[in-house]
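Q: Given next are the chains, with one letter for each unit.
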Amino acid sequence: GAVVSQHPSWVICKSGTSVKIECRSLDFQATTMFWYRQFPKQSLMLMATSNEGSKATYEQGVEKDKFLINHASLTLSTLTVTSAHPEDSSFYICSARPTGLSPLHFGNGTRLTVT
Amino acid sequence: AQSVAQPEDQVNVAEGNPLTVKCTYSVSGNPYLFWYVQYPNRGLQFLLKYITGDNLVKGSYGFEAEFNKSQTSFHLKKPSALVSDSALYFCAVRDLLYYGQNFVFGPGTRLSVLP
Chain A
9 GAVVSQHPSW VICKSGTSVK IECRSLDFQA TTMFWYRQFP KQSLMLMATS
59 NEGSKATYEQ GVEKDKFLIN HASLTLSTLT VTSAHPEDSS FYICSARPTG
109 LSPLHFGNGT RLTVT
Chain B
766 AQSVAQPEDQ VNVAEGNPLT VKCTYSVSGN PYLFWYVQYP NRGLQFLLKY
816 ITGDNLVKGS YGFEAEFNKS QTSFHLKKPS ALVSDSALYF CAVRDLLYYG
866 QNFVFGPGTR LSVLP
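Protein chains in written order, with the numbering used here: chain A, 9 to 123; chain B, 766 to 880.
Only chain A is shown next, with the shape it has when bound in the complex (with noise of 0.2 Å):
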């Protein structure tokens, strides 16, 4: 049980574009989700917590105009990448939890390339 399904699973995209990445609990409702970026060789950053129905909470130096968050539903968030430049090439990584007390579960990542 508790599985989050990421997609896609890469995307390369040319600089100047917007790039929308989904994440969904297929087997239970999350009023809350994660988006982390992990870069080559280093931990995960969160970028910020998504809230059902409500606007997401950046963590600072995350630009929100750049990376839209929205979830619409209990099952279903997404990152859009605006204007994506190649710094914005990374790994994402989306997560979520069943309850409060659950460990977090993740998706399986999406690497974005920008060129």
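What the hints contain is simulated information worked out from the structure, not anything from laboratory work. These figures come from a predicted structure and were not determined experimentally. Heads up, a few of these hints could be off.
[Stated by the list, open to error] With a straight-line Cα cutoff of 25 Å, these simulated DMTMM-like cross-link-like pairs (lysine to aspartate or glutamate) come out:
#1 22/A with 73/A
#2 787/B with 831/B
#3 49/A with 850/B
#4 49/A with 780/B
#5 814/B with 829/B
#6 814/B with 35/A
#7 842/B with 829/B
#8 72/A with 35/A
#9 49/A with 819/B
#10 74/A with 30/A
#11 49/A with 774/B
Starting from the structure of chain A, add chain B where the hints point.
A: Just chain B now, with coordinates in the frame of chain A:
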């Protein structure tokens, strides 16, 4: 504030030998501790957790971890390493005193099991 340290960037061990991946933490209240494993270009997989009870916690794939409150440590162990255990391991903590707080992840330790 909560924090996690993994003092070793890399751990090498021969197949069949016991392995230990170290983790120390700092929280204001009681810790809620986790170990995750990440394979290349994948999300994180949950291995085990400690919240209360027996200090020795058993998890997936034969892994276990020992909670030591006096040393504020939560080292990951396995009696006999497999080549397939080679991956990136993350320790994470949540402070139970602050229910709404997010998980904090350590920097990760790369485990290489040599045949």
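Q: Does each hint fit the structure? Answer for all of them.
A: Here is what the structure says about each hint:
Restraint check for residue 22/A and residue 73/A: the C-alpha separation of about 19 Å stays at or below 25 Å, so the hint holds. With a CA separation close to 10 Å, the supplied pair residue 787/B and residue 831/B stays within the 25 Å bound. Simply put, residue 49/A and residue 850/B have alpha-carbon atoms about 17 Å apart, close enough for the 25 Å limit, and the pair holds. Distance restraint check for residue 49/A and residue 780/B: the Cα-Cα separation of roughly 24 Å lies within the 25 Å cut-off, and the hinted pair is therefore satisfied.
Between residue 814/B and residue 829/B the alpha-carbon distance is near 9 Å, which keeps this suggested pair within the 25 Å criterion. Annotation: proposed proximity of residue 814/B to residue 35/A holds, straight-line Cα distance about 21 Å (limit 25 Å). The hinted pair formed by residue 842/B and residue 829/B meets the criterion: a straight-line CA distance of about 5 Å does not exceed 25 Å. Proximity of residue 72/A to residue 35/A is assessed by CA-CA distance (about 29 Å); at most 25 Å being required, the pair is judged violated.
For the hint pairing residue 49/A with residue 819/B, the CA-to-CA distance comes to about 33 Å; that exceeds 25 Å, so the pair is violated. At roughly 16 Å between alpha-carbon atoms, residue 74/A and residue 30/A fall within 25 Å of each other, so this suggested pair holds. Restraint check: the Cα-Cα separation between residue 49/A and residue 774/B comes to about 10 Å, which is no more than 25 Å; the hinted pair holds.
In summary, the numbered hints that this structure violates are 8, 9.
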